[in-house]
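> Residues per chain are reported as follows:
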Amino acid sequence: MNGNPLLRTFFDTTLKERLESMESKRSEYIIKFRLSGVIFFFIVVGLMVMDNLDRPILFVVIIPFLVLFGKLSGEAKRLRRAYRTEFKQRIVKSIVRFIDPEWEYNADNCISEEKYNISEIFRKKHDRYTGDDHITGMIDRTDFECSEIHTERRKRRKSKNKKKNWKTIFRGLFFHADFHKHFLGRTFVLPNGERLSDENDESIVKLENPDFERAFSVYGTDQIEARYILTPTIMEAMLNLQRQYRNIYFSFVDSRVFCAVNMQEELFEPNLSKSGVDYSDVAKMYHLIKINTEIIEELDLNTRIWTKE
Amino acid sequence: MTGLTISIGIIIIIILGIIFLYNNLITKKNDVENAFGGVDAQLKKRYDLIPNLVSTVKQYMTHEKDVLEQLTRLRTQAMGINDAEERVNLDNQIASSLGQLMVAVEDYPELKSSANFVNLQRTFNEVESQISASRRAYNSAVTSYNNAVETFPSNLMANQMGMKTKSVFEITEVERRNFDVESLFNA
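Here the protein sequences come in this chain order: A and B.
In our numbering, each number is its position in the first sequence, counted from 1, plus 792.
In our numbering, each number is its position in the second sequence, counted from 1, plus 50.
No lab work stands behind these hints: they were computed from the structure.
Ideal placement from N, C-alpha and C gives every residue a C-beta, glycine not left out.
Incorrect hints may appear among the rest.
[As the list claims (entries may be wrong)] Computed far set for chain B versus chain A, every beta-carbon distance over 12 Å: (1) Tyr97; (2) Gly130; (3) Asn166; (4) Ser204.
[Stated by the list, open to error] So the derived list for chain A, only partly shown, Cβ under 7 Å to chain B, looks like this: (5) Phe832; (6) Arg1019; (7) Thr1099.
When you get a sec, could you build the whole thing from the sequences and use the hints?
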């Protein structure tokens, strides 16, 4: 991830200092975090010894360590949260503004559940909907919205491990924009092999591009409209996007295009276990945010020669 | 006893197979007709726009009288034809006349920038895209039908029913061109 000299300059002149100024907070966090870990270890050992020697009175000795542990881990948590907030406000937001000063960024917001549901890309009912890093803006004549989204559903079987009770439906970047053509129905482009759950009036659409057919499965409410939207040029564009981002979904509903890029990891989160002054981290985030521009340009949404202006 | 059951079973399976093949071929044939109807419907939309185009353009274009007359004539002809196949053939001529007209518009900057014409242009672009899409949908239906007619064992059934392969639409060069409104604003 390299290539943009302007970004490099921006990093060297602005971001680097900010990240450096945040390093003290990060080191303090690391120290307190590790210390609390060590104390926890001693507490456990102490409890085991106490148990073995069968001297419950030793518990009195352990109590101050428990208190210390509580205090340190509380402070570590606070520091972590503060670092993360500062990271989002001073670094991520700056990268967004660097790409386009008119774009808005809100770390704690995300695309509304309504919009996610309207897209009908993921139809499994979700029990939990979270997200962050909300970006809105315009590129030329096309307005867009984008954020990280994580939807999960509760598993029927309850296990003691709390994590295992939830299954991820989708996690990654969710995006939607004004499409450059009017249309009435709904069309869906899913990675090949995936089926549209709860098909109502959608049927399979077979298109002429064999590479496209290998990469995607297409469903739509109207065969002609699906082809009106998915022109040979747009199919190539989608293939280009798929080659880069692998697991990518599209839907066309209500004269808008929705796009979901599946990503297994958290995006735009700082890694506190290593130095924050890292250009490659910044470059990675820059490229992620640029996906908005890429989608709009690849799909040529700014060519407005039909009845939609 | 078992020998009889097996024979009956095989006969039932064969009958079911025949029913399936027959129904499949009929379905595919109907899909083709349906898709052809779709193309026809889109072409009609284009015809509906022509009178408006001619009247908008007539005021400005002094040299293109014959093209305009030809367009109006072709359109009336197309509306009068009942046979969809013939209408589609005529449509190629209409498309080429339209193409000529749009090229001629380049010489009339006032016309190019008039709001009326710009709107018409956009509507035409949309109709052209829809026509393209409907032809592609038709081609897809025809390919599916041809596959059924030519592959084994379906081809045996098709032969019996007298079904032959159909040909796909050629997308004409005129349609490939997208009338570029951008250039209107940059003139």
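> Now, for every hint given, state plainly whether the structure supports it.
Cross-check of the supplied hints:
1. Every Cβ of chain A is farther than 12 Å from the Cβ of Tyr97(B); the closest lies at roughly 18 Å, confirming the non-interface assignment.
2. Every CB of chain A is more than 12 Å from the CB of Gly130(B) (nearest about 25 Å), matching its label as outside the interface.
3. Residue placement check: Asn166(B) keeps its beta carbon more than 12 Å from all beta carbons of chain A (closest about 14 Å).
4. A cut-off of 12 Å between C-beta atoms confirms that Ser204(B) is not in contact with chain A; the least separation is 18 Å.
5. Contact between Phe832(A) and chain B, as hinted, is not supported at the beta carbon level, the nearest pair being about 65 Å apart and thus beyond 7 Å.
6. For Arg1019(A), the shortest C-beta to C-beta distance to chain B is roughly 4 Å, which falls under 7 Å, so the interface hint holds.
7. With its C-beta approaching chain B no nearer than about 5 Å, Thr1099(A) sits inside the 7 Å limit, and its interface hint holds.
In this structure, the one hint that does not hold is number 5.
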